[in-house]
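Asker: With mature numbering (1 follows the signal peptide of the UniProt record, and there is no 0) as the guide, the letters of the sequence shown map in order to residues -23 to -1, 1 to 269.
Worth double-checking, as some hints may not be accurate.
Label-pair ranges, simulated between beta-carbon atoms [to be verified]:
(1) E248 / T111: 18 to 28 angstroms
(2) K256 / N191: 32 to 42 angstroms
(3) K261 / N212: 18 to 28 angstroms
(4) Q115 / E59: 31 to 41 angstroms
(5) E209 / K244: 29 to 39 angstroms
(6) N60 / G192: 33 to 43 angstroms
When the alpha-carbon atoms are kept at most 25 angstroms apart in a straight line, the in silico DSS-like pairs for lysine-lysine are as follows [said to hold, decoys possible]:
(7) K126 / K223
(8) K116 / K205
(9) K233 / K100
(10) K150 / K100
Quick caveat, the hints were computed from the structure, so don't treat them as lab data.
Even for Gly, the Cβ is constructed at its ideal location relative to N, Cα and C.
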Amino acid sequence: MQLKKRKSLIILTLIAAFTLVLSACGANNGGNATGNGNTAGTKDNDPAQNQAGSNLLEQIKSKGKITIGLMGTYAPYNFVNENNEVDGYDADLAKEIAKRIGVEANFVTGEFSGLIEGLQKGKYDALVSQVTITEDRQKSIDFSEPYVKNDVSIIVTDNNNNIQSVDDFKGKKIGVALGTNDEAYLRDEVLPKVGDFEIVTYNDNLNALMDLNNGRIDATINNVFALKPLIEKNNLKLKTVGEPLKSDFAGVAMPKNSPELQEAVNKALQEIKDDGTLKTLYNKWFDVDPNF
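With the sequences and hints as input, model every part of the structure.
Answerer: Here it is in structure tokens:
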């Protein structure tokens, strides 16, 4: 009888110990799930959230600099000058915005076709590189209010009298910068309307103009502000023809869902307009007053 009682006591003790172990495991698992699954934990562990969330402005201020992506090959908007410094209208504007936010502008150059992807991956905090505001782009990135208006025209050689409008593009080779709004315009609007013509893409506008000057393509399209310095510097025999095809507005591009940064940039832009700085920059780089 004593032996049976002893066996029962041992069994009850083992059951109690096993129950305690299970309870401890359950508590540990519950703690880990709460720590890794709550909102704060997700944001802390997700680089995309850190980069594109509402804390981006705070991160920029904490670093003391805002990393600006731009081409660096698109005078007078942005280019590398003789001192190996990024210069131009975009660069000056970016510096003004950074100053009013309370940080410095850190420029990183790259081909236009990769700028938006780089912004989405956190390589840049913002783009100030003539990124045209479009509905399609607004689905994946945010924009500031416009900071420049660009009229897009047709460019041909001086001795070309056969092309006066997009209707004359049929059967021709038309050059355009890769990944730009102008390329999308040619493919989505002009090509279906006019009929078959070949679109030749370039990584920068100078190569397109050089090929046009040398007869490798029949025309290109671009905005007037961008053409003049390239044509004059390289002594190209080119001209614009017809009325402007369209007017585009460029804004500061930012990661999607970065409202605090967007608000700060818009506030800075409004100050730049109100105190006459925008007019000063327009006259410095384009020799005209702001046209919007």
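Asker: If any of the earlier hints don't hold here, list their numbers in rising order.
Answerer: Going through the list in order, the structure violates hints 8, 10 and respects the others.
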